[in-house]
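J.: Single-letter residue listing:
There are 2 protein chains.
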Amino acid sequence: MRMSIATVCLSGTLAEKLRAAADAGFDGVEIFEQDLVVSPHSAEQIRQRAAELGLSLDLYQPFRDLEGVSEEKFEQNLHRLEAKFKLMQRLGIDTILLCSNVGTATINDDELFVQQIRRAGDLAQQYGVKIAYEALAWGKFVNDFEHAHAIVDKVDHPAVGTCLDTFHILSRGWDTDAVEQIKGEKIFFVQLADAAKLSMDILSWSRHHRVFPGEGDFDLVKFMVHLTRTGYQGPVSLEIFNDSFRKANVHRTAIDGLRSLRWLEDQTWRALPAAERINNLELKPLPEVAEPSGFDFLEIETGRLGETIRVLHQLGFRLGGHHRSKQDFQLWTQGEVKIVICDRGPTGAPTTLSAMGFATSDPQAAHARAELLQAETIKRDRQADEADLKGVYSPDGIEIYFSGPSPDGAAAWLGEFGVDKHDLEASLIGGIDHVNLAQPWQHYDEAVLFYTSLMALESHGQDEFPSPIGLVRNEVMRSPNDAVRLLLSAAPEDGEQGAFLDAAYPEHIAFATDDIVAVAQRARKRGLQFLEVPENYFEDLQARFDLDAEFLAQLRENSLLYDRDDQGEYLHFYTLTLGTMFFEVVERRGGFAGWGETNAPVRLAAQYRKVRDAERGIPK
Amino acid sequence: MRMSIATVCLSGTLAEKLRAAADAGFDGVEIFEQDLVVSPHSAEQIRQRAAELGLSLDLYQPFRDLEGVSEEKFEQNLHRLEAKFKLMQRLGIDTILLCSNVGTATINDDELFVQQIRRAGDLAQQYGVKIAYEALAWGKFVNDFEHAHAIVDKVDHPAVGTCLDTFHILSRGWDTDAVEQIKGEKIFFVQLADAAKLSMDILSWSRHHRVFPGEGDFDLVKFMVHLTRTGYQGPVSLEIFNDSFRKANVHRTAIDGLRSLRWLEDQTWRALPAAERINNLELKPLPEVAEPSGFDFLEIETGRLGETIRVLHQLGFRLGGHHRSKQDFQLWTQGEVKIVICDRGPTGAPTTLSAMGFATSDPQAAHARAELLQAETIKRDRQADEADLKGVYSPDGIEIYFSGPSPDGAAAWLGEFGVDKHDLEASLIGGIDHVNLAQPWQHYDEAVLFYTSLMALESHGQDEFPSPIGLVRNEVMRSPNDAVRLLLSAAPEDGEQGAFLDAAYPEHIAFATDDIVAVAQRARKRGLQFLEVPENYFEDLQARFDLDAEFLAQLRENSLLYDRDDQGEYLHFYTLTLGTMFFEVVERRGGFAGWGETNAPVRLAAQYRKVRDAERGIPK
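Residue numbers (our numbering), protein chains in the order written: chain A, 85 to 704; chain B, 85 to 704.
Only chain A is shown next, with the shape it has when bound in the complex:
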């Protein structure tokens, strides 16, 4: 599949955009007119630069408000169009995007549209270029791709075809089945965009909230299946207007975009019946991804070893052993939960969640897939007799490893810590309920696509809740088998609380137990400092749930928070923050579906107070 991207998706100058698109691996770009107008480089220089970078220039866009106007106005428009044809010749671009008229059209007459577009086609032919006509979702008289194509059909001109843009089709809710009715050779261009379903006017939605395929709610795989059946053989191009992309690092955005197309190509290939997989788009599949069967391990990096192992011990973990060649690494375990600690020495460096190992059936395939999805591979030292753990960096910099089982059912790397399967004694904590990762807001959508495309996790919708210094956006991502749950959180874009922000939005690991009261009591006996739960919270809980006095007293005594739904209950507590992370312990009773989101504001407020007190020099 030939992959292209419109320059408007990317930040920076036109030269910077071309460079980023080429580096990410795109085959071509669409030149967005405004990017050229503000550029100090001539059309010839841009053409040459693209050629040096191995990029084709696939489309010049947009040309607006041509048809449906008086003859006098139309002649002015043709004159304007001719100037663009000349420019396209200099750029070496053979196709221009013509948007259905949104502003100046005064005459609602298909026959007139046909005549005027045909005359534009005649002119295009003289310059050896083509026109791709697209229905904008808010076009004045033409806003439906079938209508636009009916006009193209009547124009019946070799230089005039259709441009399909999934945003304009799917934002209106048009069924994409009708795409199959269009002949591939009359589709001159295809633009892809995804978007979250938002209830707002289409123009604002389109101009600000498009995202890359896989980051929104549109069914693009279905569209692509229909497209392959038309025989279309041109590029498939991203055209994303997104406020965050406009200000994000251009190289990251380009990689995110290419990942979205590779993922979509793979999904389309899989959705097609085998007989149709060989087609004009030349789709290539990725190595198949198996959902992870769980967290194999989590790694914590710290320059404050003492307080870190104190908390782990208070929660019931035991030191399993030290790595035989990497002396800075030690393993702490409880039941099947394995926490690797990377000791950075007594540097005081903050404690952070540094790596996650996912148990997968085929680590090699998972890693190969990740690399094809442009994830950056981690370079890791290892001795010849040690496990060859493959991994990549996630968008927020955490290391992601794919680990497979050894013949005896335990992870291959365990022996390097002098631990075998039998050393993993069952205890009160039996697993990892979920891991919460703090995402920079700029890369939130990228993170969703990353875990969707690499790990086959599924997004379960967005949510937000208040902290004392802004709204936190959240998305739960789960493996279909529910063995891995990631909670992605984006702190508010930088407010005026600068220093607070990182510290007030720590990440966390939530351990699972069947007896939270026992875990809490053991921890308290061992001196754990719980995150303070205000008395007002318990009073409110009582008003909301009408709990019996004894149960409520148990919650109070053990600093436990509580939630309930139709399916079950959720009891949990939080530790104080270490560096940029903390621990939660969770007991689910029955089939409770959430993860304590109702109580998150209580936690965030308490964490905010701690950070603020620390800034003011008030001791913990």
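Bear in mind the hints are in silico, worked out from the structure with no lab data behind them. The beta-carbon is built from N, C-alpha and C at its ideal position, and this holds for glycine as well. Check before you lean on any hint, since a few could be wrong.
To be verified - Here are a few chain B residues that sit away from chain A, every Cβ distance over 10 Å (derived from the structure): (1) His-125; (2) Gly-223; (3) Gly-268; (4) Arg-330; (5) Arg-466; (6) Ser-511; (7) Ala-540; (8) Pro-552; (9) Arg-628.
Claimed, not checked - To be clear about the criterion: a stretch of chain B counts as covered by chain A if any three or more of its residues have a C-beta under 8 Å from a C-beta of chain A, and this derived list gives those stretches: (10) 90-98; (11) 115-121; (12) 163-171; (13) 618-625; (14) 652-666.
With chain A fixed as given, assemble chain B onto it according to the hints.
T.: Coordinates of chain B only, in the frame set by chain A:
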């Protein structure tokens, strides 16, 4: 008018919110339940703290989903409500907000609503508290304030009244005339919110995009006029859900809020017939504001005097004189334009726009009004024989002065520079077309209200355009006489271009001329470096406007940008940036209505390239 604010409008802990509301000058607050639940302070402590701060606790809110349910469910709800009544007694709050049911209501029957709310009223009476029933705009069965009040009427209970919230009324487009039909004593509470007219679902609009009165599009003055006629005598309270306020500095937000109420009080007083100005709300007017008759002066502060006066001289300015007592101040003039330079010595401190003087007919009144609107007065040293210039700080820190004419028609302070009226020689530049101020995005709405309420400027709608690193939001504010035009711009919220941001979004002063070609030629002769205009821009201009070759050549030669509308033309050029500002020179031909916004992206791209090149060590 008693002024109150809901704690949800403000960031921080409940204790911090109370402090900020009191400091800003509010009479009371509404306690938002969530703020109390997450607080470590007990109801009694909050009550005491409010008393110490002189704040009344006016409302406990919200209570949700009471009515329209089965008897069994209702009894649970009543139990929940009773717990809140007990809590209110501890807080010393006598009124609770009851929102119309949005979730659990299953029975659409006004009679049932009446019966159930009456029973809640009976219970309230036992605790000596009252219920204010409000129609949420998205209420399941009750979403209209007239409907909600009809229910209250039928309930006919001394402990049950109506709560009016302007967001819920005006977002649905309900006419506020009907407010007058409600008896004041049955209105138990009034909440105010403004909002920009947005086309999105009401719930999202309400939860994220409310703003303070005067910052949006709702006609709140009309509402207030109707409210005074009901005989209502309770507090008027702000309830604003706004993503920016949630993360902004709490003290600034509180001051902004109080300013909005003072402004609204004044506007309401003025909108009322004289006979109705004495009423239960006890409205107080502000000193009347006269629109400014122009910019009296602009002040630039610099630690790079040489390059600053070089550019002023290149633009045709002359040194008028030095201040007789403040030796660091010098005055540069051209025609009526007066630029004061504050020389910070050879420190290299960046050149910035530091003050604006507005010519007003009654500077004393303008300043008194500004102080009542909570603007901070500037403390200024002066000799006994010098003009007593009064001023305040604007939200972005620029000094704003109100200057009046002296008996001979020239500004009183001119003589302090040894300049008199006759020294102001006419030249090619004759005035100030507009001034562009860069606003931090967090204080954009605050700035709009500041200039509206202090200076009687009017907002002419918002706009946005792309820079290479994000979208820039703009708002034109003009005095009704068009003598003062301010263009407020907010750069994108911090992206990943950190260092670029300030430097890539400079402020500017746009000078007006009737002969821009002559100004440009004089400037070029004197060595001015113009901001580069790319050749692609001129080619596009030609395609868009079909300009004649000679005219286009003139634009090219003089680095002039161009725009045109039905009324006239706009020719302009930009200087390079000095510190955080630059100069523009503008010639308007005919009645052109804009300010060059179509060309702003060309400018921003060129400025971005300069900043980036400077970072890479490429010389200008």
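J.: Each hint should be assessed against the structure and marked as holding or not.
T.: We went through each hint and held it up to the structure:
1. His-125: Given a closest Cβ separation of 8 Å, the condition is violated.
2. Gly-223: Per Cβ check, Gly-223 of chain B is outside 10 Å of chain A; nearest 18 Å; holds.
3. Gly-268: Its Cβ never comes within 10 Å of chain A, the nearest being 32 Å, so this holds.
4. Arg-330: 5 Å, violated
5. Arg-466: Given a closest Cβ separation of 33 Å, the condition holds.
6. Ser-511: Holds, because the least Cβ-Cβ distance between Ser-511 of chain B and chain A comes to about 33 Å, which exceeds 10 Å.
7. Ala-540: 29 Å, holds
8. Pro-552: 5 Å, violated
9. Arg-628: The assertion about Arg-628 of chain B is violated, with a minimum of 7 Å to chain A.
10. 90-98: This one holds; 3 residues, not fewer than the three required, reach chain A with a Cβ under 8 Å.
11. 115-121: Contact hint for the region 115-121 of chain B vs chain A: holds, 4 residues under 8 Å.
12. 163-171: Held - the region 163-171 of chain B has 5 residues with a Cβ nearer than 8 Å to chain A, which meets the minimum of three.
13. 618-625: Coverage by chain A holds for the region 618-625 of chain B (6 residues, Cβ < 8 Å).
14. 652-666: It is violated, with 0 qualifying residues against the three required.
Comparing the model with each numbered hint stated earlier shows that hints 1, 4, 8, 9 and 14 do not hold.
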